[in-house]
Amino acid sequence: MISNTQLELTAYKIRKHAIDGVYNAASGHPGGSLSIADILSVLYFDEMNVDPKNPANPNRDRFVLSKGHCAPALYGALAERGFFPKEDIVTLRKTNSYLQGHPDMKGVPGVDMSTGSLGQGICAANGMALAAKLDGKDYRVYTILGDGELEEGQVWEAAMFAPHYKLDNLVAFVDFNGLQIDGDITEVMNPTPIDKKFEAFGWNVAVIDAHDYDQIKAALKNARKTKGKPTMIVAKSVKGKGVSYMENNAAWHGNAPKEPDYITACNELNAKIKELEAKVNV
Amino acid sequence: MSDIKKIATRESYGAALAELGETHDIIVLDADLSKSTKTEVFKKKFPDRFINMGIAEANMMSTAAGLATCGKIVFASSFAMFAAGRAFEQIRNSICYPNLNVKIGATHAGISVGEDGATHQCLEDMGIMRTLPNMIIINPADDTEAKAAVKAAVEHDGPVYLRFGRLGVPVLFDNNYKFEIGKGVQLKDGNDVTLVATGLLVGTALEAAELLKNEGINARVVNIHTIKPIDKDIIVKAAEETGAIVTCEEHNIIGGLGSAVAEVLCENAPAPMLRVGTRDVFGKSGKPAELFEEYGLTAEAICAKAKKAISLK
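Same order as they appear, the protein sequences are chains Y and L. Residue numbers are given in the numbering used here: position 99 of the first sequence equals residue 177, and the series is strictly consecutive. Residue numbers are given in the numbering used here: position 106 of the second sequence equals residue 113, and the series is strictly consecutive.
None of these hints come from the bench; they were simulated from the model. There's no promise every hint is true.
[As the list claims (entries may be wrong)] Estimated spans, in silico, between C-beta atoms of each pair:
#1 Y:N326 x L:T30: 16 to 24 Å
#2 Y:D262 x L:G175: 53 to 61 Å
#3 L:T138 x Y:P136: 42 to 50 Å
#4 Y:A329 x L:G293: 54 to 62 Å
#5 Y:P136 x L:P54: 21 to 29 Å
[Claimed, not checked] One-sided and incomplete, this derived list gives chain Y residues near chain L with beta-carbon spacing under 8 Å:
#6 I80
#7 F123
#8 D124
#9 M126
#10 P136
#11 D166
#12 T169
#13 M191
#14 G194
#15 C201
#16 P241
#17 K314
Just so you know, these numbers come straight off a predicted model, no measurement behind them. Don't be surprised by glycine CBs; every beta carbon is placed ideally from N, CA and C.
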């Protein structure tokens with residue numbers, strides 16, 4: 079079993095890729111990418127059955143980034159996992175790059191669904207989980223939604239659907255960082271209480287710290303044991319996690335850092351990576 | 008025409024699904040309208056492969072996309088209004104952009120819906136769907152063509168929009184009728200004018216051709232069942248050989264067959280062209296036949312346009 083320190087190290091490498099990608103693109107969404115890095119690390123390095131050498135294996139577990147604008151983090155995780163060269167991260171959002179601004183399943187190895195338009199990813203994940211049930215297969219399906227994304231009506235159509243068809247092979251995360259483009263989610267259009275709403279819709283619900291590996295792992299373990307219900311993991315996160323000036327600041331939802339800020343971010347992330355590497359190598 | 012057998016193409020849709028379900032891994036989704044869309048025929052035969060989505064078209068289209076990524080041939084069914092209209096953006100981003108194998112079975116298209124009125128009479132769907140890359144659009148004219156279209160859609164790997172009607176329409180074609188996606192069919196030869204028709208108005212165009220014949224006008228009739236990709240060759244040939252075109256559709260004259268044919272003619276073989284269809288207005292409640300009269304979707308209306316088109320040569 080992979081250690082929490084190793085997972086955290088991978089998460090910080092994912093964060094570094096995300097910042098590198100967004101900086102080189104001079105556009106993109108760093109805040110929400112940084113907040114989901116720990117969850118992605120656990121999913122791709124501990125939880126999911128995926129094989130970079132056979133990304134289309136019909137029996138693989140699936141992942142759908144419903145909050146598709148956080149593609150920089152997903153690309154970071156896929157590159158770390160070996161789905162494509164890490165060097166390609168800097169081509170993010172550039173003309174002729176396969177790394178589109180939002181995930182394109184036809185172009186990026188390891189991307190299971192094209193997303194970007196909010197609300198649709200969780201529905202597609204439902205479809206995948208249903209397909210597994212129809213075929214009697216045991217693969218599992220994972221998705222991450224944004225907390226602001228919950229304002230899309232289609233999410234609640236999906237929230238009704240998954241328990242109705244007993245999709246216990248589906249795990250959805252809400253990246254509950256509390257901020258959306260225009261500000262605090264409770265001021266823009268309050269989706270809370272998120273946990274109680276999904277409970278009322280018939281989901282198995284856990285509320286966790288999105289940056290605590292024991293809690294992420296425990297919630298995923300519990301999801302596997304839960305029969306007849308999909309699992310919703312409400313993951314309380316820090317938007318911009320890992321880069322001091324981006325933390326809890328909605329201004330970094332969809333803005334790329336310019337050079338001085340980029341250098342600060344690199345210094346902070348590299349220092350953390352060095353520290354974690356030292357711990358791993360002890 | 009009363010002695011001619013009439014079948015609504017939505018009936019053909021249900022029957023075709025039930026038949027093709029025996030040989031293909033088809034999953035059918037419906038949004039609480041299976042009795043009306045006739046997907047209930049499939050549901051009765053293959054209950055495990057029928058998924059009721061409830062009244063939630065947006066979720067239906069994106070769920071269909073997810074199923075398709077796992078190798079399923081998915082049919083997502085609702086009324087044309089709610090399929091093409093309400094769920095447009097899901098069709099665009101979750102289905103057409105990744106080019107997934109989802110077929111949209113859209114019934115109750117056009118004013119022939121009748122009494123339900125404007126909110127349910129979709130006259131825009133072909134126009135909306137035509138703007139989407141990767142989308143194929145088929146608007147069958149009768150029972151034979153509708154069944155053939157469903158089969159062709161199953162055999163095609165990628166998104167297809169199938170447009171069906173609620174109203175019983177004459178069976179025009181026998182079992183020898185050859186259907187190929189993207190290939191128009193010349194139903195009657197003629198050299199004075201060409202009636203280019205689709206869907207429910209194909210039968211009406213054939214009637215119009217008979218009326219014109221009585222007046223000494225020799226009209227060609229071309230059936231365009233595939234709105235996209237449109238059969239450019241048959242339209243250019245018609246323009247060059249007959250010199251005048253009238254398009255006939257149960258759809259707004261903006262965006263549908265009329266627009267598609269005009270685009271072909273403008274770029275390849277400019278010729279006088281007039282459009283029969285609803286003229287940028289909403290429908291309303293009423294009996295289909297009365298609505299056809301009021302909105303100018305009759306054989307007589309086609310004849311008048313044909314004569315006008317000839318005069319413009």
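| Which numbered hints turn out to be false for this structure? | Hints 1, 3, 6, 7, 8, 9, 11, 12, 16, 17 are the ones this structure does not satisfy, whereas the remaining hints hold.
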